Amino acid sequence: MDSQLLNPTSLKSRFTARFLRALTKINAPNPISSSSPTPREIFQRYRRIKVAADKSMAYSVRSRTTWSRATLSRLRTRSRHRRLASFGPRSSVTTAAVLKKTSSHGKENEGGLGVQAGELRELVPGGEAMDLCNLLDETAHYIKCLTTQVQVMKTIANLYSLE
Amino acid sequence: MQPACSREMQAMDSLLNPTHHLPLQDLQIHGHPPPQFDNPTPSHDDFLEQMLSTASFPLSSSSWSDIDDNAFPQGGDGGSNPFQAMKMMMMMQQQLLVAGGPSAAATGGTHQGGGEGSNSITSMQALFNGFGDGSFSHPQPSFGADSKTDINQSQGPAATTAAPEKPKQKVRARRGQATDPHSIAERLRRVRIAERMKALQELVPNANKTDKASMLDEIIDYVKFLQLQVKVLSMSRLGGAAAVAPLVADMPSEGGGDCVQTSANGGGVSLPRNSNGDQPSSANDSLTVTEHQVAKLMEEDMGSAMQYLQGKGLCLMPISLATAISTANSHSRSPMINHVNPNNGANGNHLLLQSSGGGGDGPSSPSMSVLTVQSATLGNGGVDGAASVSKP
Chain A
0 MDSQLLNPTS LKSRFTARFL RALTKINAPN PISSSSPTPR EIFQRYRRIK
50 VAADKSMAYS VRSRTTWSRA TLSRLRTRSR HRRLASFGPR SSVTTAAVLK
100 KTSSHGKENE GGLGVQAGEL RELVPGGEAM DLCNLLDETA HYIKCLTTQV
150 QVMKTIANLY SLE
Chain B
0 MQPACSREMQ AMDSLLNPTH HLPLQDLQIH GHPPPQFDNP TPSHDDFLEQ
50 MLSTASFPLS SSSWSDIDDN AFPQGGDGGS NPFQAMKMMM MMQQQLLVAG
100 GPSAAATGGT HQGGGEGSNS ITSMQALFNG FGDGSFSHPQ PSFGADSKTD
150 INQSQGPAAT TAAPEKPKQK VRARRGQATD PHSIAERLRR VRIAERMKAL
200 QELVPNANKT DKASMLDEII DYVKFLQLQV KVLSMSRLGG AAAVAPLVAD
250 MPSEGGGDCV QTSANGGGVS LPRNSNGDQP SSANDSLTVT EHQVAKLMEE
300 DMGSAMQYLQ GKGLCLMPIS LATAISTANS HSRSPMINHV NPNNGANGNH
350 LLLQSSGGGG DGPSSPSMSV LTVQSATLGN GGVDGAASVS KP
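Read top to bottom, the protein sequences are chains A and B.
Residue numbers for the first sequence follow numbering that gives the first Met the number 0, beginning at 0 and rising by one.
Residue numbers for the second sequence follow numbering that gives the first Met the number 0, beginning at 0 and rising by one.
If you are wondering where the hints come from, they were derived from the structure by calculation, not from laboratory data.
As the structure is a computational prediction, the values presented were derived from the model and not from experiment.
Every residue gets a Cβ at the ideal spot worked out from N, C-alpha and C, and that includes glycine.
Some clues are possibly wrong.
[As the list claims (entries may be wrong)] Straight-line alpha carbon distances no greater than 25 Å define the calculated BS3-like cross-link-like pairs of lysine-lysine that follow: (1) B:K223 <-> A:K49; (2) A:K143 <-> B:K230; (3) B:K197 <-> B:K208; (4) A:K54 <-> A:K24; (5) A:K49 <-> B:K230; (6) A:K11 <-> B:K230; (7) A:K143 <-> B:K223; (8) B:K230 <-> B:K197; (9) B:K230 <-> B:K208; (10) A:K143 <-> B:K197.
[Stated by the list, open to error] Quick list of the computed label-pair ranges, beta carbon to beta carbon: (11) B:S319 <-> A:T146: 39 to 45 Å; (12) B:H291 <-> A:R68: 50 to 56 Å; (13) B:A323 <-> A:R63: 39 to 45 Å; (14) B:R191 <-> A:P7: 30 to 36 Å; (15) B:D210 <-> A:T23: 43 to 49 Å; (16) B:A198 <-> A:R20: 28 to 34 Å; (17) A:S72 <-> B:N205: 32 to 38 Å; (18) B:A184 <-> A:N6: 37 to 43 Å; (19) A:R77 <-> B:A184: 36 to 42 Å; (20) B:S213 <-> A:T37: 43 to 49 Å; (21) A:N133 <-> B:E201: 14 to 20 Å.
[Claimed, not checked] Pulled from the structure, derived: some chain A residues nowhere near chain B, Cβ distances all over 12 Å: (22) S12; (23) Y58; (24) R61; (25) R63; (26) T76; (27) R79; (28) A116; (29) L134; (30) K153.
Produce the entire structure from the sequences given, and follow the hints as far as they go.
Shown next as structure tokens:
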């Protein structure tokens with residue numbers, strides 16, 4: 000880690016840059032003239048922003064961690080779902096099958112922590128196919144990235160919601 | 000063996016009841032009925048195994064084996080690791096406290112019994128030696144090896160939790176399960192898991208739990224909380240249904256000139272917030288109302304005007320910059336740009352720009368409508384050039 004205050008290659012700055020770009024892309028198409036948007040629009044926009052946030056975070060991490068890979072593949076699959084309906088079911092089925100096969104092996108020795116481990120697996124993307132050891136690793140990195148994400152989004156929200 | 004361990008023996012004797020030929024279990028649970036040690040076998044390693052396997056203590060039992068590992072290889076250099084010895088003492092004591100009560104701790108080791116029994120005994124003795132003199136000599140390697148296998152194996156099935164820092168230990172064969180790869184792999188696994196739990200403990204606030212299960216619960220809750228925060232934050236940036244109507248703020252922002260400047264610099268790249276729900280009127284009306292509002296605010300205080308605009312997702316910028324941006328945008332995305340003229344604008348010529356893309360999903364082509372701005376009637380020429388409000 001550099002000793003500079005603003006490390007240009009840190010996770011935070013990478014994520015911020017990507018996220019801001021994504022936000023501008025999202026915000027640009029919306030006409031200011033639309034007064035109170037319908038709840039559907041609101042939800043759509045919220046979805047887009049959330050997806051953009053997750054995606055930019057996953058991209059910032061590249062493929063170094065399992066959860067980032069899982070997130071990216073999930074996002075790609077979902078976008079493919081939307082575009083090509085025919086492809087959707089196939090890809091999801093394959094992924095599910097693969098996951099099912101791999102998940103049964105690595106999870107034998109969890110001590111008495113099976114319940115919590117299962118919950119953690121649900122929370123952390125891509126956690127289904129990992130044994131407890133790797134799962135904890137992934138969780139640590141995931142938590143670190145989530146906190147960065149929250150920090151950056153909070154800052155942005157504060158900047159642009161001056162009242 | 001006897002002469003080799005005589006020193007330990009004496010140290011132990013000072014600690015223990017000098018009942019030389021009591022079986023290990025009696026010494027351990029001195030005064031306490033040892034229900035879990037019903038095993039009447041004279042073999043002390045069996046007893047040790049049983050005791051350790053039945054005791055469920057918060058400390059990682061693998062650390063116990065680590066202690067043993069560390070205890071023995073020092074080879075006569077016991078004084079070099081008094082810290083480890085003390086650590087071991089404490090862990091041993093804690094473990095025994097859980098297992099059998101205070102007296103057990105006091106009567107910790109035993110003096111040696113028969114040949115085999117001494118193996119497990121000497122391990123305990125060696126640990127308790129730390130109490131006495133803080134150093135213990137290296138017992139016969141065979142003893143250490145044997146007892147360690149014993150303890151190792153017994154701790155395999157025992158519940159483990161996060162343990163204090165353990166140095167990397169050598170894998171040493173133990174009695175009975177000398178080269179069982181499973182137990183060794185098991186132990187390594189637990190070590191790694193404990194390390195990771197420690198790392199997670201630092202990341203997660205409120206991580207003062209000593210129990211692995213509750214620590215995991217805490218971690219799970221924290222991850223859920225963070226994910227929820229991301230969701231909430233992404234909603235908030237919309238403006239939401241209860242939308243933001245940031246009217247005049249009391250907070251004094253920068254001065255007028257600065258306002259324009261900062262917005263000029265930042266206007267091109269400012270992120271517009273979705274301003275919706277502010278004005279109940281239709282599209283055109285909202286724009287007009289906005290203009291009026293802004294004009295009114297500008298009369299009073301530039302800062303509050305800026306606040307208001309920012310709340311709506313707009314900003315002020317010089318006209319030159321705005322035109323530059325609009326031409327640039329027209330090439331890339333051809334946003335819709337409305338230039339609105341506030342009738343009673345405060346400063347010179349200014350534009351109220353808003354740009355919007357040509358419909359996200361719809362195929363409609365973007366239209367450019369430009370309403371030129373007329374100069375304000377107010378003589379407040381504080382801002383030279385034109386101030387324009389734009390939403391990039």
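Exercise. If you check each hint against the structure, which ones fail?
Worked result: Result: hints 8, 9, 28, 29 and 30 break, sorted rising.
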